[in-house]
Amino acid sequence: MAVASAYPAAPALTTERAAALRRNLRRLLRNPSVMIGGVIVLFWLCVALMAPLIAPYSPTAQRVTNRLKPPSAQHVFGTDELGRDILSRVLHGARVSLPVALAVVAMSGSVGVLLGAVAGDAGGLLDEIIMRVADAVLAFPSLILAIAITAALGPGLQNAALAIALVLWPEYARLIRSQVIALREMEFVSAATALGATRRRALFKHILPNALPIMLVKASLDMGNAILLTASLSFVGLGAVPPTPEWGAMVAAGRHKFFEWWLAAFPGLAIFSAVIGFNFLGDGLRDLLDPRMSRRG
Amino acid sequence: MSLLAYLIRRVFITVPLLLLVTLLGFVITYLIPADPLAMVLSERAMANPQIVQAYRERWGLDKPPHERYLTYVGNLIRGDLGESIVTQQSVSADIARYFPATVELAIAATLIAVALGVPLGVIAAVKRETLADHLARVASLIGVCVPVFWLGLLALSLFYYRLQWMPGPGRMNPRMVPPPVVTGLLTVDSLLAGRGDAFANALHHLMLPAMVLGAYSMSLITRIVRSAMIEVLQQDYIRTARAKGLIERVVVMRHALRNAALPAVTAIGLAFGNLMAGAVMTETVFAWPGIGRYAVESAAKLDFAPIMGVTLLVAVIYIGINFAVDVSYALLNPRVRLS
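First to last, the sequence lines map onto chains A and B. Residue numbering for the first sequence follows the numbering used here, starting at 1 and increasing by one per position. Residue numbering for the second sequence follows the numbering used here, starting at 1001 and increasing by one per position.
If we strip away everything but chain A, and leave its shape as in the complex, we get:
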């Protein structure tokens, strides 16, 4: 803390920052992609939080007399082969997919940021090793590598999440590394160093915070990615195990039932809408960032 007081923030800068923040917030709310994506994401977040309250039935309650019923007033999305209410399962599915995606993004993001920052900051052999490993991971299509790792670790939602995180970290590492290298040359970093900031302080207090916006964009896009990959792994039987109401696994349950289209249609729609929400959000945020990024460099 004593170190922090050595760099008093100029009051003029703060007001300017607040004004810029307000300006950005207005631009944020005027951007249609951010709005559409934000509303969809917010919707699914609310569903995930309140699923037990809003779901009409239990997601696992079976009623054999009620098997494979088409959508009706009682069961808006119909029922599955065990007589479970599909709407309730789709709503509860948000409590599976969103936390898993969040965990994946948190894991791959933190590992990627750490390795990318170290690589960009240290340079030399360490940089070379980290980035070549990242290149090797990126040489595999993410889904196929995730399938291989999950199969090696053993099927299950946790292992699937771990596998997806292991597949996604290199992109964060690349992004952060390039940011660290670019920002290192910026005047405000030189100024901080000239004032006596250590290398580590410059990295954590000046460089990484400035790389944060671009990370948020990446994280938002990756939430969609993670949801899609988790669902794909569950669809092929490597992710969630029954009776977990996971969207991909639910689509798989409808695989060979072309007549009972509602089995696959609604859970798939849930995956699709959640993924598109996070993509809209990420795309819109990137649009907003772009002008600032170009002004920077």
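I should point out that these hints are in silico values taken from the structure, not numbers from a laboratory. Hints may be right or wrong, so weigh each one.
[What the hints assert, rightly or not] Derived DEER-like restraints, expressed as beta-carbon distance ranges:
| hint | chain 1 | residue 1 | chain 2 | residue 2 | range |
| --- | --- | --- | --- | --- | --- |
| 1 | B | V1250 | A | L114 | 29 to 35 Å |
| 2 | A | V241 | B | I1013 | 38 to 44 Å |
| 3 | B | A1287 | A | G154 | 23 to 29 Å |
| 4 | A | A61 | B | Q1088 | 50 to 56 Å |
| 5 | B | L1004 | A | R17 | 49 to 55 Å |
Cβ coordinates follow ideal geometry from the N, Cα and C atoms, glycine included.
Chain A is already provided as a structure; the job is to place chain B on it using the hints.
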């Protein structure tokens, strides 16, 4: 830098990458918590330390990791990808059998993606910020976000089950005699054998999965062609072309599209790599007997050698395509070589 020097440099980047990829494959293979011996030996044999020791020596499991890695790479170079526990066959033989189906599907999907994606991208760029542009943008976003396996199921349910416009899963009507295998691509083999009926049937079976698989690539190509065209259309030489009175069609098609072709080539190359991954899901849904379905079925049975074999093969193809894209880039654009 001369073209040759550029190529040599690219090779120097690619070969270590391939080695690292195999190292990764090796690490994942040895992540498996289960003792590989437990899969091949009976419980009684596992209890006998002499048998276990003999097996360990026989498969080199008693050697230190770096020696095992060298053996692993040696096997890979000889094309030995191990043996499938389920089919009891060598993985290379299995892959050789399933690979042509995947290639046929991927080529068809790429053709569809290019045929639709390039015009869509051009139209979106020329009519920038109009309804057409917004529609193209939304369409490409949908293509990127839609789960391929779900799209495939919906397409089957609609076009095969309800409308009956399309045939069901598989590469060909099972009652039809397939043409003699030459390339392994059923459409090409049918033509070579002069079998019009087989060709029509194979093509008909190919259409729906190829469209489903191509949706993602189409979106990617649309996006990149659009942004490349927008950038090119702002260049001075486009203004010059317009100023000298060329009609817009010539400006767009001859002057702009040609210069936007470079990023488009990259996009198509990368999209082809992604197709291989998408093929895993599409093949599973459409019961398409390619390497993707082979990998998924092996994964479901925890038969590890085939999964790793397919994974490595796809990574090598991916790296190969990247290499080819880089080289074609350098051939098409001399400026690349200078950087």
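Each hint, compared with the structure:
no.: 1; hint: B:V1250 with A:L114: 29 to 35 Å; result: violated (53 Å)
no.: 2; hint: A:V241 with B:I1013: 38 to 44 Å; result: holds (42 Å)
no.: 3; hint: B:A1287 with A:G154: 23 to 29 Å; result: holds (26 Å)
no.: 4; hint: A:A61 with B:Q1088: 50 to 56 Å; result: violated (44 Å)
no.: 5; hint: B:L1004 with A:R17: 49 to 55 Å; result: holds (53 Å)
The structure fails to meet hints 1, 4 from the earlier list, while all remaining hints are met.
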